[in-house]
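J.: Chains C and Y are the protein sequences, given in the same order. Each residue of the first sequence is one higher than the last, beginning at 0 in numbering that gives the first Met the number 0. Each residue of the second sequence is one higher than the last, beginning at 0 in numbering that gives the first Met the number 0.
It should be emphasised that the hints constitute simulated quantities derived from the structure, not laboratory data. Each hint should be verified, as a subset may be incorrect.
Same chains, same label: a pair holds when it works inside one copy or across any pair of copies.
Said to hold, decoys possible - Straight-line distance between alpha carbons at most 25 Å, and here's what the computed SDA-like set of lysine to any residue pairs gives:
no.: 1; residue 1: 196; residue 2: 108
no.: 2; residue 1: 194; residue 2: 31
no.: 3; residue 1: 192; residue 2: 138
no.: 4; residue 1: 192; residue 2: 114
no.: 5; residue 1: 196; residue 2: 33
no.: 6; residue 1: 142; residue 2: 102
no.: 7; residue 1: 105; residue 2: 250
no.: 8; residue 1: 194; residue 2: 82
no.: 9; residue 1: 119; residue 2: 131
no.: 10; residue 1: 1; residue 2: 181
no.: 11; residue 1: 105; residue 2: 87
Below are the chains, spelled out letter by letter.
Number of protein chains: 2
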Amino acid sequence: MKRTVFFISDGTAITAETLGHSLITQFPDVSFRQVRLPFVDNEQACREAVNAINLATVRDGAPAIVINTMLDETLCAIIGTSSGVLLDLFATFLRPMEQALGIAHKPRVGQAHGLTNVDKYEGRMDATNYALTHDDGVSVDFKEADLILVGVSRSGKTPTCLYMALHFGVKAANYPLTPEDLDEMRLPHFLRKHKYKLVGLDIEPERLSQIRETRRPGSRYASLRQCRQEVDAARSLLRMEGVPMFVTTHSSIEEISSRVLLQLGLQREMF
Amino acid sequence: MKRTVFFISDGTAITAETLGHSLITQFPDVSFRQVRLPFVDNEQACREAVNAINLATVRDGAPAIVINTMLDETLCAIIGTSSGVLLDLFATFLRPMEQALGIAHKPRVGQAHGLTNVDKYEGRMDATNYALTHDDGVSVDFKEADLILVGVSRSGKTPTCLYMALHFGVKAANYPLTPEDLDEMRLPHFLRKHKYKLVGLDIEPERLSQIRETRRPGSRYASLRQCRQEVDAARSLLRMEGVPMFVTTHSSIEEISSRVLLQLGLQREMF
């Protein structure tokens, strides 16, 4: 079964798509064609959206699903004339929010993912820059770090740090445990003095070998034997040092980030 | 007015927080204390959540708002015993989705931001790695690039590329226009041959000067005069070459990314 789902918004449509994705994960037997329609903020754009929805309905032989996060009631009414089934975030949840809070909402368009708070935005950008300049052991001055991810090469440290920096404004550094560190079975002094900021990323050796193989095919670095040795040594070292560890083999960077922040008690607002 | 809002989920709570943020932007006069409760996937965790909600209600003197994206009905029922006002994503929208699709949903926990499709996930990680190795003119081999952001130094290229790579799996490269490029008033040959992939990032010189000032205080690089010259030259060059441009001065990386993808017709699924 093929069905079209539209994510419509007067802003980036990120909220609409996030909401929509969560809903469609619950219907694994449906093949969804996904169409993002951001910046639908005038009547002309609305009429074009209605046309696209009606077309999809005819082609699929069944109504398109429309996840809508537009605020303007006049514009929403235009979308409402389409043949799609409308699931509307604000129309659904603003009323109960108003009742709970005892005040009316003040319609503000494009706030969720816009540049609304310059200081917080700068914080995210600073954190991203920090993650880039404290990646992969390039700088080991971790004074300003909110957290430091440690693990063997290719255990997922870099993308996780970038994700945490971009979305939580967290200054996330990372350090790849070197063969020397693993031989000596001790944390280097620049990590030891920030021990309470450390979190280890663990990975199954088989998966690590696959990942390294795509980077350096046939190398000793990618061999299962080498991966096993490094992972075993890293586990022993981090366990001995009392550093908390998370297994990344079957986890996304979103899941790892969420768990790391929870572990360290970093309650940062998400962007 | 101070009120507490909880984002509760059996997974990362990213969907709950995204949804919640959109809603609370509409109540600018309320000071919200935000609490993320991810991985609430058992009765014990639910009971702790209920305690936290009840405590917040007592402290605020008014019911906490609870944005819930848990799936399990038994666990949701426990949360339902709290003193909070429940706004429930799945309870609200799954029924209309089922009616529209004509089939029942199959409850699947932690799918929205989990590692569910390994190939797509690898694509995101590859794209992130690509963005890192094709950042700031480090490599100018843009054969594999989906798009190339160009602009003067500190116009927002790097974080925007990282965001697009992480969330849309787009191979986003960037190249900083050098004083030489701007003097010669022509695109270097390695950009010229990928002209259809180019998007320019424009920025107001005043803002650019501020940003550069935090990096190199008092430098010629950060001076308003220098910023004006570079921005003017970059605008002329890109206009002459017919490269589309977006102003980043008052836009977030989410907004720029959304506009760039729309401009280039890259309809990629968001993660």
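J.: Which of the numbered hints are not met once you compare them with the structure shown?
T.: Numbers 1, 2, 4, 6, 8 and 10 - these are the hints that the structure violates, sorted from lowest upward.
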